[in-house]
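Engineer: As a plain string of letters, each chain reads:
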Amino acid sequence: MRQRLTPSGGVEGDPPIDIQLTRRLYRAMVFARTYDRKGTALQKQGRLATYAPFEGQEAAQIGAAAGLQPNDWVVATYRDAALMWAQGYPWELLFAGRTGDERGGSPPEHVPVMPPSITVGGHMVHAVGLAWAEKLNGTGRIALTSFGDGATSEGDFHEAMNFAAVYDIGCIFFCQNNGYAISLPREMQTRSTSIAEKAIAYGMPGVQVDGNDLFAVYEAVHDAAERARAGGGPTLIEAVTYRIGPHTTSDDPKRYRSDDEVSEWKRRDPLERVRIYLAERGAWDEEWQATIEAEAAAEIDRAIELAENMPPLGPGEILDAMFETLPPHLERQRAELLENLT
Amino acid sequence: MKVLTIARALNEALDVALEKDAQVMLLGEDVGRTGGVFRVTDGLQERHGAGRVVDTPVAESGIVGVAFGLAVGGMRPVAEMQFMGFSYPAFDQVINHVSRIRNRSRHRFTAPMVIRIPYGGGIGAAEHHSESAEAIYAHTPGLKVVVPATPYDAKGLLLAAINDPDPVVFCEPIRLYRSVKEEVPDGWYEVPIGEARVERTGEDITLITWGAMTTEVRGAATALEAEGVSVEVIDLRSLVPLDTDTIEASVEKTGRVVIVHEAPKTAGFGAEVAALIAERCLYSLEAPVRRVTGWDSVFPLKRSEHQYLPSVERIVRAARQTLET
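Read top to bottom, the protein sequences are chains S and C. Numbering of the first sequence is given in my numbering, commencing with residue 1 and proceeding in unit increments. Numbering of the second sequence is given in my numbering, commencing with residue 1 and proceeding in unit increments.
Check before you lean on any hint, since a few could be wrong.
To be verified - A few chain C residues that face chain S, going by a derived Cβ cut-off under 7 Å, partial list only:
#1 E19
#2 A22
#3 V66
#4 R104
#5 R106
#6 H107
#7 R108
#8 H139
#9 G228
#10 A278
#11 L282
#12 L285
#13 A287
#14 P288
What the hints assert, rightly or not - Quick list of the computed label-pair ranges, beta carbon to beta carbon:
#15 S:E331 to C:S311: 50 to 56 Å
#16 S:I182 to C:R303: 34 to 40 Å
#17 C:S311 to S:E324: 37 to 43 Å
#18 C:D21 to S:A279: 32 to 38 Å
#19 C:H107 to S:G282: 31 to 37 Å
Claimed, not checked - Chain C is nowhere near these chain S residues, computed Cβ spacing over 10 Å in every case:
#20 D156
#21 W265
#22 H329
For the record, the hints were derived by calculation from the structure and aren't laboratory data. Computed from a predicted structure; not experimentally measured. In this text, a Cβ means the ideal position worked out from N, Cα and C, and glycines have one as well.
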C-alpha cells in the first residue's frame, strides 16, 4: 500500500503538491466534513431524507478530484458529495437531492459531474462511455468513476473494467474501500488479497494507496489521469479508507463492527495528518483553523437555506422531464394529475 | 428506389446515418466483422471503420451502459442486442439509467440512443432466442418503443429513432427480416414515431397488431374479405407513444376489435390497447374486444412452435366470433 503522508504528519520523499495547494485542499476537507456532519444532523431533524455519511473519506475524495483537470468527468455515488463538490457540483444541489428534489440531480451546464448513482455499481460503465466519447471527439478529457468495495462484486464492475481495457479508454476506476458494504466486511466481499490486484486480470495497472493520505491519493489519481490523457488507458486505484459513520442514517454499525476498530481508524484521521504536516511547516495555526471553520459553516448554512427554500416541483412537473417533448398520453395524464390536485 | 427486405432496409438506414452524422456509432456483439448475427450491419464496418462500427465484448449490460455514457457524452450510439432473450442482462441499465437520466437530471443530461433488439419466434431457434418482451419495455417510463413490420417503416423508423432526442427501444421482427420486400426510398427519410399505419381500411371489424404478427393478420384479413367481411387492419408501429386517435377512429367506425400479438397474453401490450378502447370508446363497441396472443407459457422449442404462435386460422376464428356477437 502506497503511503506518502504518515498519520503523524511525516512525509515520504518530496511532497507531490506545494504548501499553497495543500492548504487549499485542507480547507476543502474542512468544508467537506462540515457538510457531512450537517447532513447527518439535518437528517436527524427530519429535514433530509436518508443520508449516507462519508466522514473519514475526505482525503480520498478531495485528493481524487485534485488529481483531475476541472473539465474531467466524475461519475460517482451517493457517498461522494465531497468528490462531486470538488469537481464543481454545488453544495446546495447536493443538499437538494437529499431533501428529495430531482433538481438536485441537475448541475449547472459547465459542471462535468453526473448526478450520484443510487444503484450500486451500474454507473461505472457510464464513465467508460463518457471517456470514450471524449476520446472519439479528441477533447483530451477523461473520466473518473468512484465506487465502494461492495460494488466490485457487481457484474457491471467487470463489464466496465473489461470494456475500458479492451478499448484503451481513459477511465479511472477509483475504489474507496471503506471496509464495509453496509454490514459486510471487505474480507467477505472478495477472496482477492486486495481490490487493486483485480486490475491484473483486465490488463490494466492497479494501485493500492492509503486512502486517508491526501498526498498518496492525489498522486495516484494525477498519474493515472495523465496516463489516460496520453492514451495510456484505464487504471484501477484502491484507496484504503474507513467509513467512520454508519452506512446511512438508517443503520446501526454497532451490529457489525467494534468500537475499538472505529477508535483505531479515528487515530488515522485524514484531516489531522495534513494539519500536523502544515503546522510543522508554519502553514497552519489556530486562527486560520477558526477562520476556515467559520467560512465552511457559513457556506454550508447558505447551501441548506438555498436547498430548503427551493419551492417544490409545480403541479404536473413530475411528468415534464420524461421526454424532451411530452407525448400525447403524458399530456392526458398531466391534465388528469392537475384535475386531481385542485 | 430499390426493392429491399427489412434486413437490407435497416442496413441502409444505419449506413445513411453513419454517413450523415459523425456522432453516430454502432456497438454490439459481432456487428462488425461478421455484420451481426442477422447480417443487419453487413458491410458497415468495412465502409465506416472499426471505430464507428464496434465489435464489443460479450457483455449486454456493458454494451447498453457504455452506449448510455457515449450518448450522455454527445454521441448517437445504436446498440444491438443479439436476441430479445439476451437483452435482459442489460435491463438494469435500461430501466435504472437509460430511461430516467433526463428526469433525474431534469433535462441536464439526456441519452439519445437506440437499442436494437431482434425479437419473436417462428424460426425454430434455440431457447431464449424467440422472446417477445416489448410490453416490458413499453411498461418502463421514459422509453419509446417501436416495432416496424415493413421495409419502408423499418428504415424510416430507425432513422427517426436515431434522430430522436430520447432513448428508443427498436424491436425487429426476426421472422420478417427477409420475408417481406418492398420499394424503399434512397437516402434519409423518417417515419414519425407515434403514428400507426392503417394497412387496409374496412367497415366491419378492426384487427390491431404490430411487428411479427402483421403477416398472419394480413392473411386473416384476406380470408375474411373472401367471405365478404370488410376488414380494417392497423399496424401500430409505435407502442410508446401509442397512436390512440387512429385506434379510436377505427373502433368508432367498426365497433368490433381483435388484437393480435405474439407475446404472452397476461399483461401483454394487447391488454393496454383493450383497456384504452374500454376507457375511450366503450360505447362504440358492438362486441367484446378479443385478443389472439401467445400463451402464458415459455416460448416452445422448434417442434412445438406451431402450438404457440397465433395462426391465420386462430385470428379468423376470433374475428368470426367477434362478428357473430
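Engineer: None of the hints should be skipped; say for each whether it holds.
Structural biologist: Against the structure, the hints:
1. E19: Status violated, d = 17 Å.
2. A22: Cβ of A22 (chain C) sits 9 Å from chain S, so the hint is violated.
3. V66: V66 (chain C) check passes; min Cβ-Cβ to chain S is 4 Å, inside 7 Å.
4. R104: holds (5 Å)
5. R106: With a closest approach of 4 Å, the R106 (chain C) hint holds.
6. H107: Check passed: Cβ of H107 (chain C) comes within 5 Å of chain S, closer than 7 Å.
7. R108: holds (4 Å)
8. H139: At about 13 Å, which exceeds the 7 Å cut-off, the nearest Cβ of chain S leaves the hint on H139 (chain C) violated.
9. G228: violated (36 Å)
10. A278: violated (15 Å)
11. L282: This interface hint is violated because 17 Å lies over the 7 Å limit.
12. L285: violated (21 Å)
13. A287: Status violated, d = 26 Å.
14. P288: violated (24 Å)
15. S:E331 to C:S311: 50 to 56 Å: violated (38 Å)
16. S:I182 to C:R303: 34 to 40 Å: violated (49 Å)
17. C:S311 to S:E324: 37 to 43 Å: Since S311 (chain C) and E324 (chain S) have Cβ atoms about 41 Å apart, the given range 37 to 43 Å holds.
18. C:D21 to S:A279: 32 to 38 Å: violated (58 Å)
19. C:H107 to S:G282: 31 to 37 Å: violated (50 Å)
20. D156: violated (6 Å)
21. W265: Non-interface label stands for W265 (chain S): nearest chain C Cβ at 32 Å, farther than 10 Å.
22. H329: violated (6 Å)
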